[in-house]
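Engineer: With the hints as a guide, dock the two chains, each given alone in a separate frame, to form the complex.
This is what each chain is made of:
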Amino acid sequence: EDQVTQSPEALRLQEGESSSLNCSYTVSGLRGLFWYRQDPGKGPEFLFTLYSAGEEKEKERLKATLTKKESFLHITAPKPEDSATYLCAATMTTDSWGKFQFGAGTQVVVTP
Amino acid sequence: SQTIHQWPATLVQPVGSPLSLECTVEGTSNPNLYWYRQAAGRGLQLLFYSVGIGQISSEVPQNLSASRPQDRQFILSSKKLLLSDSGFYLCAWSPLREGTDTQYFGPGTRLTVL
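Just so you know, the sequences run in chain order R and X. Residue numbers for the first sequence follow our numbering, beginning at 186 and rising by one. Residue numbers for the second sequence follow our numbering, beginning at 6 and rising by one.
Isolated chain X, as found in the complex (with noise of 0.2 angstroms):
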């Protein structure tokens, strides 16, 4: 079975730090893989999405970025932490094959910048 791993679980980061998060997914290969932003009792907001190594399209003009570098590996990263940036960041993957949308989200970073 397909398993989905996000760390760390939460971060506290002064403001003009940088971030990295981490997500892998287990069990598959060749997923596509986003990016999400909850804030407070609000709706998730993609961030980034991923059809394969190396591709990364961003939907927000932020000061964030990602990469991936494997196949199952995305990262979010930041050279300089903004006080909005603060969130609960969420990563999903999803079967590369027709037919199917379907998302699966990791377990999530609460990101608290200070």
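Just chain R, same shape as in the assembly (with noise of 0.2 angstroms):
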């Protein structure tokens, strides 16, 4: 069965703690590995595609990377204004109009 988890569930830092936050995947084919930040009551904002292992994407203090298994969102000295719900999700080569699996999320809070 494809699945998508994310861990771990809720993460809390101090501003200029770098973390890591983990999505693993276990799905028939990868196509694409997708990261979005949710803010509360508000919709995903897209952060980065990965689609080889290998693959790394940078945005601001923000970096995602993709291994066979898995991919990380690296935090790199993070501010409050980090604070949110970040997201993963995978498509699939069986699917050719794009279907996301998603993951629960991880909520971070970073406090000054």
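Since the hints were made in silico from the structure, they are not lab data. Remember, predicted model here, so these are calculated numbers, not experimental data. Note that beta-carbon positions come from the ideal geometry of N, C-alpha and C, so glycine has one too. A portion of the hints provided could be inaccurate.
Simulated crosslink set (DSS-like; lysine-lysine; CA at most 30 angstroms straight-line) [to be verified]: (1) R:Lys284 - X:Lys84; (2) R:Lys284 - R:Lys253; (3) R:Lys264 - R:Lys248; (4) R:Lys227 - R:Lys284; (5) R:Lys227 - R:Lys264; (6) R:Lys227 - X:Lys85; (7) R:Lys242 - R:Lys284; (8) R:Lys254 - R:Lys244; (9) R:Lys227 - X:Lys84; (10) R:Lys242 - R:Lys254; (11) R:Lys284 - X:Lys85; (12) R:Lys248 - R:Lys227.
Okay, the calculated bits of chain R under chain X, using three or more residues with CB under 8 angstroms as the criterion [as the list claims (entries may be wrong)]: (13) 224-237; (14) 240-253; (15) 285-293.
Structural biologist: This is the structure:
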């Protein structure tokens, strides 16, 4: 069964304390791995797409990486404005229209 | 640039009442369109997707339905709401071209059924 699992469920960080979020996937054939940021009461905001193992993408204090079994979202020297829920999702090669399989998310709180 | 709109932003409805949520996309043509529901503290559940006008596929059997009367308009409906229909409803769109599956989400509608 195709599955996407995120850990930890929640993460509390001090400002400047770097950390990583994990997204592990068991899908029949990975087409793409996606990261989104969601603020309370708002729709998810697209961050990154990764397609190949070894691929990395960066945006400000965020860096996403991909292996054959999991993806990491690294947050370097976080600031309070990085507080949000981070969602990952996978699409499979068996689905021609790009059906997303979402994880449950990691809620990140960054305190000053 | 592309923009996605949803309305209303919030809605409180009694059990048994009808529902109509609307989603429109600007700045693109022939997008894939999606309806998701997000329960409190949980991930996104895909409800419906559409690859073109009048083409709707359902992922989860329920008392909801979807329609796509125009290329960039997607409507989520119900004839009689249940308590379990409460949640955060999100519309998303994706470009219809090879090599990219990225979905872009709207601001969402918070539905409370009492």
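Engineer: The structure should be examined with respect to each hint, and the outcome stated for every one.
Structural biologist: Each hint tested on the structure:
no.	hint	verdict
1	R:Lys284 - X:Lys84	27 angstroms, holds
2	R:Lys284 - R:Lys253	19 angstroms, holds
3	R:Lys264 - R:Lys248	15 angstroms, holds
4	R:Lys227 - R:Lys284	21 angstroms, holds
5	R:Lys227 - R:Lys264	20 angstroms, holds
6	R:Lys227 - X:Lys85	26 angstroms, holds
7	R:Lys242 - R:Lys284	22 angstroms, holds
8	R:Lys254 - R:Lys244	23 angstroms, holds
9	R:Lys227 - X:Lys84	26 angstroms, holds
10	R:Lys242 - R:Lys254	17 angstroms, holds
11	R:Lys284 - X:Lys85	28 angstroms, holds
12	R:Lys248 - R:Lys227	22 angstroms, holds
13	224-237	holds (count 7)
14	240-253	violated (count 0)
15	285-293	holds (count 5)
Violation of the numbered hints given earlier is confined to hint 14; every other hint is satisfied by the structure.
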